[in-house]
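Asker: If you read the sequences in order, they're chains L and H. So for the first sequence, this note's numbering puts the first residue at 394; every next one is plus one. So for the second sequence, this note's numbering puts the first residue at 394; every next one is plus one.
Because the hints were derived from the structure by calculation, they are not lab data. The structure presented is a predicted model; accordingly, all values stated were derived computationally and were not measured. What you were told as hints is all true, and nothing was included just to trick you.
Simulated crosslink set (DSS-like; lysine-lysine; CA at most 30 Å straight-line):
| # | chain 1 | residue 1 | chain 2 | residue 2 |
| --- | --- | --- | --- | --- |
| 1 | H | LYS426 | L | LYS529 |
| 2 | L | LYS496 | H | LYS426 |
| 3 | L | LYS496 | L | LYS529 |
| 4 | H | LYS496 | L | LYS496 |
| 5 | H | LYS610 | L | LYS496 |
| 6 | L | LYS610 | L | LYS426 |
| 7 | H | LYS496 | H | LYS529 |
| 8 | H | LYS610 | H | LYS426 |
| 9 | H | LYS496 | L | LYS426 |
| 10 | H | LYS529 | L | LYS610 |
| 11 | L | LYS529 | H | LYS610 |
| 12 | L | LYS610 | H | LYS496 |
| 13 | L | LYS426 | H | LYS529 |
Here is what each chain is made of, one letter per residue.
2 protein chains.
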Amino acid sequence: MQMGVRRSSLVAPLQLMDPAALLQALQWRYAVKVFDAERTIPAETWAALEEVLVLSPSSYGLQPWKFLVLTTPELRAELRPVSWDQSQVTDCSHLVVFLRQRKVSEGHLQRLLAHTAGVREILAESLSGYGELMRKDLIHGPRSQMIATWASNQVYIALGNLLTSAALLGVDTCPIEGFSPADYDRILGLEDTLYQSTVVCACGYRSAEDRYATLAKVRYHNHELIEHR
Amino acid sequence: MQMGVRRSSLVAPLQLMDPAALLQALQWRYAVKVFDAERTIPAETWAALEEVLVLSPSSYGLQPWKFLVLTTPELRAELRPVSWDQSQVTDCSHLVVFLRQRKVSEGHLQRLLAHTAGVREILAESLSGYGELMRKDLIHGPRSQMIATWASNQVYIALGNLLTSAALLGVDTCPIEGFSPADYDRILGLEDTLYQSTVVCACGYRSAEDRYATLAKVRYHNHELIEHR
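With the rest of the complex left out, here is chain L:
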């Protein structure tokens, strides 16, 4: 898998997916309550899901996030009591902790601009308008007052991307908000860093014992959720 430059122009013509197959995967997906603790996601499949995370869209392309992938049993056992004792934390194959940046500084904009210039092989100066747009919004604008919310929103785009992508690859997930971010930050040593725990996603395979797997999916009717104007 190519990990460096991701050039749209080099992408081969898109293979369209059958809409019915997409909807079937989204129907198949549910928030797993009981994982099969014996099953591990194959390395190649997991590598693809990491690439999915990296390719997640974010506002201005700023990627104000990090993804911790936890497989060490002892660490996950330590996190479980501060995760409402949910078994998914210890029994899934890969536990992802989504981190968001606590703040966005001029240095972060410069880092993105320099990286963009490098990837696109252009002069950083040619990106000054882009830099100014971000600066006016995130450093000096109204959004500077709500960076925690803004960065958290971006992280949830990545979560939504992962949940859908995993289902398409036949990997089960359980998004987890029921945990103590402060305890996670302490246990993961994030307290004095730029990053803080935001949301968690357990990935692996559903247990045959999970009675939730066969329950009817509950959604409001389309006409209650969607309005056309």
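Following the hints, complete the assembly by docking chain H onto the known chain L.
Answerer: Chain H only, in chain L's frame:
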């Protein structure tokens, strides 16, 4: 397309997707700057994307959202000046405004419990533990103090799901945070309602003129974004 009950147990065996094809779609995706104003998403494809939105996961399955699908040119022309004058607002095929609930009340929990009992053909009383869990968290717990952030996060899961799903169907998108939510609420008549504008997504087809389509995608390296423990 079946719009009512969505029963996992009735789902046929999942058709796995080739990881390379998934990654290719995510590479192909970018935030469109110039849409082809002449092209409309076919009705069947759009119906699938509405179903994608409805199937989006949310915390507790509460679905604290609504999706406004705007196709009326006059309305979109009115929104464009309060969307940093971005052409995507008027030139895309379907403009989705993601709304979140301003608050979560006991009535919303009861509505979900009653609907769940109906869909699953069980007694509402059997769901009292589930109701209590939500109540302790969202009505009386710490999350009751940050419902706006919480509901906004849920909406961004739906956005992430839509962005990925649309790419798989060959539909282009542009997520838009550059707009005035207060002006959107006023123009869309949401001011005295439960719902407020949160984020916008333009959907349609890229123009052959969009020079952003062929720029290299910019992401930090995997080892900068992902950490294994």
